[in-house]
Amino acid sequence: MAETTARQSQLPLNLSLRDSATFDSYVAGPNAQAVDYLHRLAGHGWEPGVYLWGAPGSGKSHLLQAVCHAAGAVGAAAVYLPMELADRFPSEALNGLEHLSRICIDDIEAIAGRRDWEIALVHLIDRVHAAGGGLVVTGNAAPPALGLELPQLASRLAGGLTLQLQILAEADKLQALQWRAARRGLTLTMEAGRYLVRHYGQDMNRLFTALETVDQASLVAQRRLTIPFIRDVLGSRMLKTE
Amino acid sequence: MEQTLWQACLDRLESELSEQQLNTWIRPLHALEEDDMLRLLAPNHFVLDWVKEHHLESILGALQQLYPNRNLQVLLEIGSSRKPPAKKAEAAVAGDTTAEESVLEGEAPGGGLNPDFTFDNFVEGKSNQLARAACTQVAQNPGTAYNPLFIYGGTGLGKTHLLHAVGNLLRAHNPAVRVVYQHAEHFVSHMVRALQHNTINQFKHYYRSLDALLIDDIQFFAGKERSQEEFFYTFNTLVEGHQQVILTCDRYPKEVAGLEDRLKSRFGWGLTVAIEPPELETRVAILKSKAQQAGIHLPDEVGFFIAKRIRSNVRELEGALRRVYANSQFTGKPITLAFAKEALSDLLILQDRLVTVDNIQRTVADYYKIRVSELYSNSRLREVARPRQIAMALAKELTNQSLPEIGEAFGGRDHTTVIHACRKVKELQQTDEQIRKDYKNLLETLSD
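Residue numbers (the working numbering), protein chains in the order written: chain A, 1 to 242; chain B, 243 to 690.
Not one of these hints is a red herring.
Residues of chain B clear of chain A, computed beta-carbon distances all greater than 12 Å:
hint: 1; residue: Q306
hint: 2; residue: Q315
hint: 3; residue: G385
hint: 4; residue: Y475
hint: 5; residue: A499
hint: 6; residue: L501
hint: 7; residue: P576
hint: 8; residue: T605
hint: 9; residue: Y610
hint: 10; residue: R624
hint: 11; residue: E625
hint: 12; residue: I661
hint: 13; residue: Q671
hint: 14; residue: D674
hint: 15; residue: R678
hint: 16; residue: L688
Calculated cross-link-like contacts (lysine to aspartate or glutamate; reagent style EDC-like; alpha-carbon spacing at most 20 Å):
hint: 17; chain 1: B; residue 1: K532; chain 2: B; residue 2: E543
hint: 18; chain 1: B; residue 1: K466; chain 2: A; residue 2: E92
hint: 19; chain 1: B; residue 1: K294; chain 2: A; residue 2: E92
Just so you know, these hints were derived from the structure itself, not from any lab.
As the structure is a prediction and not an experimental result, all values here were calculated from the model.
A virtual CB, placed ideally from N, CA and C, is assigned to each residue, including glycine.
The task is simple: from the sequences and hints, build the whole structure.
The following block contains the structure:
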């Protein structure tokens with residue numbers, strides 16, 4: 001018991017262990033075309049918007065962050081706006097964004113049926129087109145299935161390039177996990193990696209949270225990442241997905 | 243040199259803030275460096291306030307660490323790199339008005355006109371030729387030909403394109419002409435701001451002194467009485483002064499619920515024209531024109547295939563073309579029929595699965611050779627009422643929409659009307675061979 005307390009007190013420093021959401025850290029797998037499109041165009045002006053849709057955990061937010069990151073790297077102003085912000089801000093928060101070179105709107109389904117936000121987005125899309133900026137919007141369904149109130153908005157989304165993001169295959173998930181582990185200087189055996197993917201890999205966000213949790217725990221406990229250790233740590237903190 | 247200071251600051255903040263904080267609040271800032279002053283321009287006051295409250299300290303801290311020997315000042319203000327910031331920093335930090343938000347927004351260079359939309363690149367077909375002709379007339383004889391000109395039709399059919407085309411042509415003829423394109427929603431928000439800031443007289447003067455006012459989507463006026471009143475007076479002044487007014491709407495003016503009768507009747511003073519969804523030949527022509535503009539080689543059979551499968555509107559046609567082109571660029575393969583089928587497969591499957599009320603209305607109107615707008619209308623003529631009932635019954639059978647939603651989609655009818663229609667159509671299918679056949683054909687068309 002005393003030993004546990006001592007261990008817990010040895011908290012790891014909160015250094016920059018954050019995994020940058022860049023194009024490099026995105027394992028494209030079946031989504032190579034979307035990545036290629038965003039990547040090639042992230043540095044230049046481009047045509048009207050892109051609409052990416054897919055299930056949770058298919059990497060939509062990651063790609064949007066990557067677009068912003070790439071814009072930042074060339075000194076261009078960009079913005080990432082998750083639409084859950086609509087609960088905290090009025091739709092005027094979209095004013096003036098057309099002056100930025102990249103505008104990324106995440107989880108558009110969050111404002112479906114909210115007329116003020118839908119109208120504001122219709123206007124934003126029109127202004128961005130007129131100003132010639134790059135717009136990327138994501139959602140959990142194809143435009144006509146989003147449940148939007150305004151046909152004007154659905155039609156604008158469908159009028160750009162629409163691409164569906166697929167969930168990664170197990171091997172791709174493992175690769176993404178290994179990539180992140182390596183960035184953290186973690187040795188993750190194939191077996192341990194497979195264990196994590198199998199039990200926590202339904203949603204990539206969840207998988208990465210699991211990795212982060214075991215990483216922290218192994219730092220504190222000074223233990224290597226064996227399957228029993230992982231099971232022990234995560235068993236008490238995270239529910240498996242199956 | 244200019245950007246390096248902010249760039250260095252960003253690099254440092256990267257290790258301090260989460261990716262999302264950085265991308266949502268810091269990256270939208272545009273930095274301008276002037277001597278020992280770093281001016282950070284925020285796109286709007288929400289970003290500005292948030293940064294001030296949550297991140298300014300980190301920014302200052304990062305700069306202090308990076309440049310301990312420089313006495314750097316940071317000014318946060320609203321603005322963008324594309325236009326000079328209108329206010330002094332202090333004012334921008336303290337207040338919330340910017341050039342962007344002032345009453346005279348329309349005075350921005352261009353009057354809100356998009357030069358990309360012209361008559362030259364508007365593809366004409368049977369479905370839109372009347373509207374196009376009326377717009378050309380108006381652009382050549384503003385204030386006298388048809389005033390007001392009222393254009394109505396569904397989304398993505400080119401109403402906005404025509405408004406801009408008129409504005410651009412007016413300006414080409416006379417660069418000094420004062421023409422403003424505005425979305426109805428903007429008119430409303432301008433008026434609200436003018437009321438708040440006590441500048442309603444300037445607002446009135448501004449709109450009433452224009453040579454031409456082009457207002458898009460006037461259905462957004464619905465239910466906004468004060469705005470309607472203000473617009474009513476503006477409208478009267480303009481039309482009486484032979485200043486041109488063009489309005490667009492997604493439906494026939496009389497069918498807009500929540501719009502005052504006096505406005506509806508005045509909108510009908512001039513000429514009212516409909517834009518219908520384009521027929522197949524026009525859809526093919528549109529695709530060819532878009533492909534040509536973009537420098538895409540589009541074989542005829544591919545154009546025909548896309549046009550045949552994507553029937554809804556022009557915007558979605560463009561979306562499909564973009565998809566095919568993007569796929570061909572990605573794979574390096576030429577655009578052939580087989581390639582296009584493959585590239586669009588998920589879109590088409592999805593479209594087939596998603597039968598919408600919109601789609602049903604278009605298909606039924608097509609089938610009976612009537613206009614979609616007639617389905618929304620109050621007409622009780624049998625040649626309109628029967629197709630309307632059939633469309634309602636199809637909507638009930640093929641979509642997940644509730645009865646009130648279906649009623650709403652048919653010009654704001656009551657749900658009992660929909661129930662009645664469903665019963666009637668069921669009954670008629672037993673007794674009327676023609677109706678039975680029609681219904682079966684439509685069902686097949688919609689679900690093939």
